[in-house]
Every structure is written in structure tokens, then in C-alpha cells.
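Mind assembling these two chains? They're in different frames, but the hints should get you there.
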Amino acid sequence: MTFDWNIVWSSLPRLLDGAWMTIWLSVVTMLLAIPGGLALALLRLSGIKPLAMAATAFVEFFRATPLILQIYWVYYVLPAYFDIQLSQIATAIVGLACNISAFNSETFRSGIVSIRQGQWNAGLALGMSRVSVFCRIVAPQALMRVLPALASTWVSLFKDTSLVSIIAVSELSYVALQIRAETYRILEVLTAMAALYWLMGYPQAKLVDWIHHRFKVAE
Amino acid sequence: MTAAPILVFENVVKRYGALTALAGVSLTLHRGEVVCLIGPSGSGKSTLLRCANALDPLDQGRISFDGHEVRSSEASVRLVRQRMGMVFQNFELFPHLTVLRNVTIGPTTVLKLGQAEADARARKLLAKVGLADKETSHPSALSGGQQQRVAIARALAMEPALMLFDEPTSALDPETIGEVLSVMKTLADEGMTMLVVTHEMDFARRVANRVAVFDKGRVIEEGTPQEIFTAPKVPRTRDFLSHLGWHGESK
Numbered sequence: 011m012t013f014d015w016n017i018v019w020s021s022l023p024r025l026l027d028g029a030w031m032t033i034w035l036s037v038v039t040m041l042l043a044i045p046g047g048l049a050l051a052l053l054r055l056s057g058i059k060p061l062a063m064a065a066t067a068f069v070e071f072f073r074a075t076p077l078i079l080q081i082y083w084v085y086y087v088l089p090a091y092f093d094i095q096l097s098q099i100a101t102a103i104v105g106l107a108c109n110i111s112a113f114n115s116e117t118f119r120s121g122i123v124s125i126r127q128g129q130w131n132a133g134l135a136l137g138m139s140r141v142s143v144f145c146r147i148v149a150p151q152a153l154m155r156v157l158p159a160l161a162s163t164w165v166s167l168f169k170d171t172s173l174v175s176i177i178a179v180s181e182l183s184y185v186a187l188q189i190r191a192e193t194y195r196i197l198e199v200l201t202a203m204a205a206l207y208w209l210m211g212y213p214q215a216k217l218v219d220w221i222h223h224r225f226k227v228a229e
Numbered sequence: 026m027t028a029a030p031i032l033v034f035e036n037v038v039k040r041y042g043a044l045t046a047l048a049g050v051s052l053t054l055h056r057g058e059v060v061c062l063i064g065p066s067g068s069g070k071s072t073l074l075r076c077a078n079a080l081d082p083l084d085q086g087r088i089s090f091d092g093h094e095v096r097s098s099e100a101s102v103r104l105v106r107q108r109m110g111m112v113f114q115n116f117e118l119f120p121h122l123t124v125l126r127n128v129t130i131g132p133t134t135v136l137k138l139g140q141a142e143a144d145a146r147a148r149k150l151l152a153k154v155g156l157a158d159k160e161t162s163h164p165s166a167l168s169g170g171q172q173q174r175v176a177i178a179r180a181l182a183m184e185p186a187l188m189l190f191d192e193p194t195s196a197l198d199p200e201t202i203g204e205v206l207s208v209m210k211t212l213a214d215e216g217m218t219m220l221v222v223t224h225e226m227d228f229a230r231r232v233a234n235r236v237a238v239f240d241k242g243r244v245i246e247e248g249t250p251q252e253i254f255t256a257p258k259v260p261r262t263r264d265f266l267s268h269l270g271w272h273g274e275s276k
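Chains as they are written, first to last, in my numbering: chain A, 11 to 229; chain B, 26 to 276.
Just chain B, with the same shape it has in the complex (with noise of 0.2 Å):
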């Protein structure tokens, strides 16, 4: 990758009580890249990227985005969170809301965007994850895999500079995951970076320029999805990606 690095990892560590979460995780993203995190559950993916918003504090260590520290103060967080979108297992969309007011909320409130010009971005937006019809629904009338693409249109309202997704697919019906897939595909080939989480491997195949693969809260291997799917080095690699029934085959 010759881009510029968008968001580095220093070596973080989180910690929740006892439990460290983090152990010391080191990783850069690069503008335009695709970086999937794979590995199994309570490894401390999800919480590498409620760190990278700074969701979540961090105990240890270093994070920077386009070039400026990560830090803990509420102003200087917002204006990064502003230029991160962020997708959600659970959708997270809002249930008083309408689907069209879901998606200008952040636009309205933080951008000072008019009205008339946020429903038009979010107007555009629905269009492009396949739900213009549904701008006067509320996220209860919509399926999980409708649901989560309202959510990313959400965070692609506020035109971020990078995407955020934490397995954007596991709380849904096997019968709506491609759906989200696809939107996610259609992003990544449209050049916007996206640092995702996820168990879908055959997603981490075809669409990231990297992968890394988390265990106990470390970065055990990382490599370009054909290193890692096809010839693991390391032997927790391995186990995990044989548990989940992949066996280093390439279509």
C-alpha cells in the first residue's frame, strides 16, 4: 500500500477490571484499504474499534487518525467521530424516529446541514442501499438486513472519511446477510476505507486488502486475505479458520 495511513494503532491495551481486552494491538489502516479483523469471540475486535472513536477509553497506548491523536477530550473526539462512521451489530437505529430522520439526524445536528438538503443527501443515500421506499417507516416495519442499511446510510450521511463496522451481519437472518454484503461490497469498490469485524470469511476473502486475525486480545497474524486464507503461518490461525469450516480452498 503506497496511500497514506489514516488510522495507526499503537500498541493499545484496554482493560475492563480483570480482563484485558486489549493487549497491546498495533495496526494501520491506509486510505482507500479494506482491513478485515477476524478471530474468535471476546478476542478484543469489536472492542479495537470502540476504541478508535474512543467509545470506549483506552488504558494504554496510541491512536491516531489523519494524523492527529485520538484523544479523550468531548470536543476533539467529536470532530474525529464526525469523519468515522460507525455500523453496529445491533443496528443501534433509532425507534422514534422515522427512516429518513434516522439518516438526517447526524447531518442536521452536528453538520448544521438545512433540512431541505439533509433529506436530499439521505434521499440519495437510500436510493443507494435499495431502500428509497421506505424513507416514511419506522425501523420497527423493517427487516434486520433493511435495518442495517438504513444504519449505514446513517453513517455515510455525515460523508466520513473512513467506516467503522462491527460485525455488521451476525444479528441477522441468514436470508438478509447478503444484502448488507453486498451495500458493504459496493462501498469498498467505490474506494472508501472500512475497518470491519466480522465472522463472514468468505467476505473477508473477496473484498479486504488485508486481514487481521485477533486471539486474546493480540494480532496474531495479518496478511493479505490470500497469506491468511490460503497459507496461514501461524497454528492458531489455522484452528480458528478450520473451526469456523474453511479450509485454505480458493474458488
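Pulled out of the complex, with its shape left as it was, chain A reads as follows (with noise of 0.2 Å):
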């Protein structure tokens, strides 16, 4: 068997493009994704029943189905039904940030109920606000002991973006594919879309694991 890795070289800036896509994806989601989830997790928190039981069901729905199931939804079902027409990238966008912040809700939601009514008590007899509180004492707290969560979710959903390749959202799974079935090259490009997903994902989580380490809190 013989390689052509010229084939890769050519495709470069292609799939440089694929891999900006990527990235900007996973950086919009995430944006999303974290307001979103800090919202439903303090929406299912809140004691009200309604609003709490509407956000359990976005939950439980995006958790429990299949993401390209999500894509691909919001790509068909949408316009059909509601008659809401979105681009492709709006629609990956949609999917994903609906999706990541289920996932982040119950991060967010673990990470609050594992404070202890202590230091809430702490911060009220100090004649503290619930809402300051929750800002300066509960939420720093929780949010350092959901970091490595928050992370793991990140470098999934970086790799998962690939998923909107279906909807042909040119990110790097989709130029890839795209090259390969131009040029037939299979082992070469998907060689090609490996190394680049793992340069791009290999420091994030090493920067993830560092940012745990340094502001890990101390009990």
C-alpha cells in the first residue's frame, strides 16, 4: 500500500478552515451552553413548581436522546412544524447549545447542592442577600468543584461538534469527508483529521487539567 501524503499537504488549508469551524462552534456553544445550563439548573433549584418541572423535562429530553437525533431534528422538524427556517450553522448552533447546557445544568445543580447549608447560613446571619449569596459565597465554590466536569464536557463537545457534519456544516469532519470522497484518499485524510483533532484537543484538556489544579479549593 502506498501513501499520498501530498494529498493532505494540498487539502491543508481546507481543513484548516474545517478546523477553525470547529473550533468556533464548540467556543459559541459553550458560550451558550454555560448561561443556559447556570439558567435551568437554577430554574429546577428555584422551588417553583412549573418552572422547575418545565426545565427537568428540557433536561431529561436532551440528556436522554441521541445528539445527531437533536441535529437533525431541529434541522427537519422545525421548519416543518413552526415554520422556522435557519441555517445550517444556526441549526448545529441550536442543537448543540441546547443540548451542552442540559448537560451543564446538572453540573451546575450538583455543584450548588454540594455547598453546605452552612455556608449559606454563614452568609445570611452576615445579613447577605439569597442573591449575594449565591454570587460570592455558593457559586464561586460550586463552580470550582464543577470544573473538571465543565471540562470533560467541553473536550466532549469539541469532538462531538463533528456531528453537524450531517446537516453539512463545514467543519473539520465534514471538509475531510468532503476531500476524501473527492480524492479517495481514506487512510491519508482520515490520518490527516485524527492528528488535527488531537493537536487541537490534547492541550485543551491538559489546560483544563491545570486550571483544576490551581484554584482547586482547599477545605
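Heads up, a few of these hints could be off.
If you anchor each label on the Cβ, the simulated ranges turn out as follows [what the hints assert, rightly or not]: (1) Leu79(A) / Thr45(B): 49 to 55 Å; (2) Leu55(A) / Ser162(B): 29 to 35 Å; (3) Thr161(B) / Val37(A): 31 to 37 Å; (4) Asn36(B) / Asp219(A): 53 to 59 Å; (5) Val38(A) / Gly203(B): 39 to 45 Å; (6) Thr161(B) / Val38(A): 38 to 44 Å; (7) Val37(A) / Pro82(B): 54 to 60 Å.
Chain A stretches covered by chain B per the calculated footprint, using a threshold of three residues with CB under 8 Å from any CB of chain B [said to hold, decoys possible]: (8) 12-23; (9) 136-142; (10) 145-158.
Beyond 10 Å from chain B on every Cβ pair, some chain A residues (computed) [as the list claims (entries may be wrong)]: (11) Asp27; (12) Lys59; (13) Phe92; (14) Gly133; (15) Leu209; (16) His222.
FYI, nobody ran anything at the bench for these hints, they're computed from the structure. Remember, predicted model here, so these are calculated numbers, not experimental data. C-beta: ideal position from N, C-alpha, C; glycine also.
This is the structure we're talking about:
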């Protein structure tokens, strides 16, 4: 078997464009899914029954169904039933952001409830408002505790963006598979694709480990 | 006591489900007074403290602080809490903040003091509790006794009219209990009004103006330390004290 790495080098600009789209999708998704997840977590903890139930239903739907189905669903069902037309990229972001928000909400919720009542009491006893206790005492500690979980969600998200290739969003996987289809150089293209994902993913995972270590809160 | 009442409990009832934690407690604390609450675990002493600043809502009865009823609306409760310092059994320092920031968080967020002014106030209080050199440490780097002294400084930073102590030495190693009690004794000597739940009978005897004995959610006996420790009238008080190895001797 012979390898023709020239295919990879000549396609590199397109692959890098795809990689750039992968990064962009991940960042935008996470920027939406952090406040989204926090909002869902707070709704579930709010004690207001209808809101808590709605948030729970949302979370359990998106956690318990495959991401690929959710993307298809946004792509085909929203236009058909609700007459909402989104571009492919917008579709990808809506699907990913809903999915990751659901996972983040569980992460945030577990972090928030892991902070013991005594910390709330100590803040309240000073005369602080509940919002102030949450923002200054509970949330910072909860965030430190959930950083590893948030980080692994990030790393999964980064790889899962490949799923939006099914609706022809030109991120790395889509571009790579296109090049494969044009050139039939399966091994070279898939190897290049793997290398690019790894080169981008590995430093992120390491960075996240470092952040976790650096900001660890000792009890 | 001729001073004005500052904290008045009238027939306070608190239930947790089927458990009645407080079965009608009435108690009055006057300005400048130190009252110690003693009694077996689970007799309702700590619950009374948490009701005083409305961390736990009442089921029946009434609590008034400085002439105003402690109500459950958040705004009025916050005003009461600002003036009532609380020290917890497990310190409850904020582990993500330095010692200095633990002490300044109340003044800056609640009293809206500027950071410089809050820092100055905090440093003075840390010096007072003997921890001036620890301001940049995090709580995890301190011993239990040091953490509890920081917690006292944190409460004092609000310049409260009254301090609530909820078993402040129960979670401490024996060798660090003394340093916390001595800070509390200093506060009492300076005229701070204090309501103290404690198992430290020697502290209660030496520092309290009055002692209230709790049993099963009621105050079964109340009096001066002299009366309670040398001549308890209620058999249950005698039992409790003798279980602690206290036989009424007075030095």
C-alpha cells in the first residue's frame, strides 16, 4: 500500500478552515450553554413547581436522546412544524447549545447543592441577601468543584461538533470527508483528521487539568 | 439587671416534622448581658439561636430584637441579622476567600463600606483576636481555634449589638479551646451582649450573668451561675451537671 501525503498538504488550507469552524462552533456553543445550563439549574432549584418541571423536562429530553437525532430534529422538524427556517450553522448551534446546556445544568446543579447549608447560613447571618450569598459564596465554590466535569463536557463537545457534518456544516469532519470523497485517499485524510483533532484537543484537556489544579479550593 | 431588654423570646415553638425542637421557650436577654444556654444535645439550644436571627422560621410565638419583632420578610430580617453576629460550631469560614476577605465581605457587601475602610476595620479585629499575621492565609491553612477566631472577627466586623455563639468550641481540639474562650471572655468584659450555647461549664460559670438550662425543648431552670452550679433546684439540672462531671464545687 502506498501513501500519498501530498493530498493532505494540498488540502491543508481547507482542513484548517474546517478546524477553525470546529473551534468556532465549540466556543459559541459553550458561551451559550454556560448561561443556559446555569439558568436551567437555577430554575430546577428555584422551588417554583411549573418552572422546575419545565426545566427538568428539557434537561431529561436532551440528556436521554442522541445528539445526532436532536440536530436532525432541529433541521427538519422546526421548519416543517413551526415554520422556523434556520441556516445550517444556526441549526448546528441551536442543537449543540440545547444539548450542552442540559448537561451543564446537571453539572451546575450538583455543584450548587454540594455546598453545605452552613455556608448559606454564614452569609445570611451577616445580613447578605440570598442573591449575594449565591454569587459571592456559593457559586464560586461550586464552580471550582465542577470545573473538571465542565471541562470533560467541553472536550466531548469539541469532538461532538463532528456530528453537525450530517447537515453539511463545513467543520473539520465534513471537510475531511469531502476531501476523501474527492480523492479516495481514505487513510491519509482520516489520519490527517485524527491528527488535527488530537492536536487541538490534547492541549485543551491539559489546560483544563491545570486550571483545576491551580484553582482547587481546599476545605 | 436594670439594662433594657434587647432580645426577647416569647413562648417560641419550633417543630421539624413530628419533632418539637422548641416547646414554648421564653427568655429575655438584656443589653450588656452574657447568657449561656446549657443542656443535653438535642434539647433545642442551637435551634433557639437559629430562630433568633431567622435562619429557622418559628412555628409559634414571638421574638423581638431591640423592640422590633423579628419577622420573616427578607428585608426586615436582613436588618436584624446585620446587628446580630453569629458564630457557628463548624466555623463556616468561606474557604475560597483569604482571612482578610472573610472578615471584609460583610462590611463591603452589606454595609457598603469602601474596601480600604473595611480592610482597616478587619485588620484591627484580626489583631484583636491575635491573628494579624494571617490575613493573607486561606482558612484551610489555619487550625480550628484560629478559624473560629477569624469567624468571631468576621461577625464583629458588622459591629453587631449582640453576638450569638452556637457551640463555638465543640468542634475544636482541646488545646485550641482556650484561645477561643479567652477571646469570648474579652468580648464579654468589654460589655458585648452575648447569647452562648456551650458545653463549657467553666466558661458559663465564670463569664455568664445568667444561665438557662434546656431540656426537651424547654427552659427547665434559669438563674445566676451561682444558683445553677452550686444549688440547682431542678433534679434534671443536677443530673445533667453530674453527667458532665460537675458536682457543684466552686473555686
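Okay, the hints, checked on the actual structure:
1. With their beta carbons about 54 Å apart, Leu79(A) and Thr45(B) fall inside the hinted range of 49 to 55 Å.
2. Taking the beta carbon of each, Leu55(A) and Ser162(B) are about 32 Å apart, inside 29 to 35 Å as hinted.
3. Between Thr161(B) and Val37(A) the beta carbon distance is about 35 Å. The supplied range of 31 to 37 Å therefore holds.
4. The supplied range of 53 to 59 Å is met by Asn36(B) and Asp219(A), whose beta-carbon atoms lie about 58 Å from each other.
5. At about 59 Å, the beta-carbon gap between Val38(A) and Gly203(B) misses the expected band of 39 to 45 Å.
6. A C-beta distance of roughly 39 Å is found between Thr161(B) and Val38(A), which places it inside the suggested range of 38 to 44 Å.
7. For the hinted restraint 54 to 60 Å between Val37(A) and Pro82(B), the CB-CB distance of approximately 45 Å leaves it violated.
8. With 0 residues having a Cβ less than 8 Å from any Cβ of chain B, the region 12-23 of chain A misses the three-residue criterion, and the hint is violated.
9. Here's how the region 136-142 of chain A fares: 6 of its residues keep a CB closer than 8 Å to some CB of chain B, so the rule of at least three is met and the hint holds.
10. Against chain B, the region 145-158 of chain A contributes 5 residues with a C-beta closer than 8 Å to a partner C-beta. That satisfies the three-residue criterion, and the hint holds.
11. Chain B leaves Asp27(A) outside its interface by the beta-carbon criterion, the shortest separation being 42 Å against a cut-off of 10 Å.
12. For Lys59(A), the requirement that its beta carbon stay farther than 10 Å from each beta carbon of chain B is met, with the minimum near 20 Å.
13. For Phe92(A), the non-interface assignment is confirmed: its Cβ lies about 41 Å from the closest Cβ of chain B, beyond the 10 Å cut-off.
14. Listed as outside the interface, Gly133(A) is inconsistent with that label: its C-beta sits roughly 8 Å from the nearest C-beta of chain B, within the 10 Å cut-off.
15. With a least beta-carbon separation of about 34 Å from chain B, Leu209(A) lies farther than 10 Å from that chain, consistent with its non-interface assignment.
16. Against the 10 Å criterion, His222(A) stays outside the reach of chain B, whose nearest CB is about 14 Å from its own CB.
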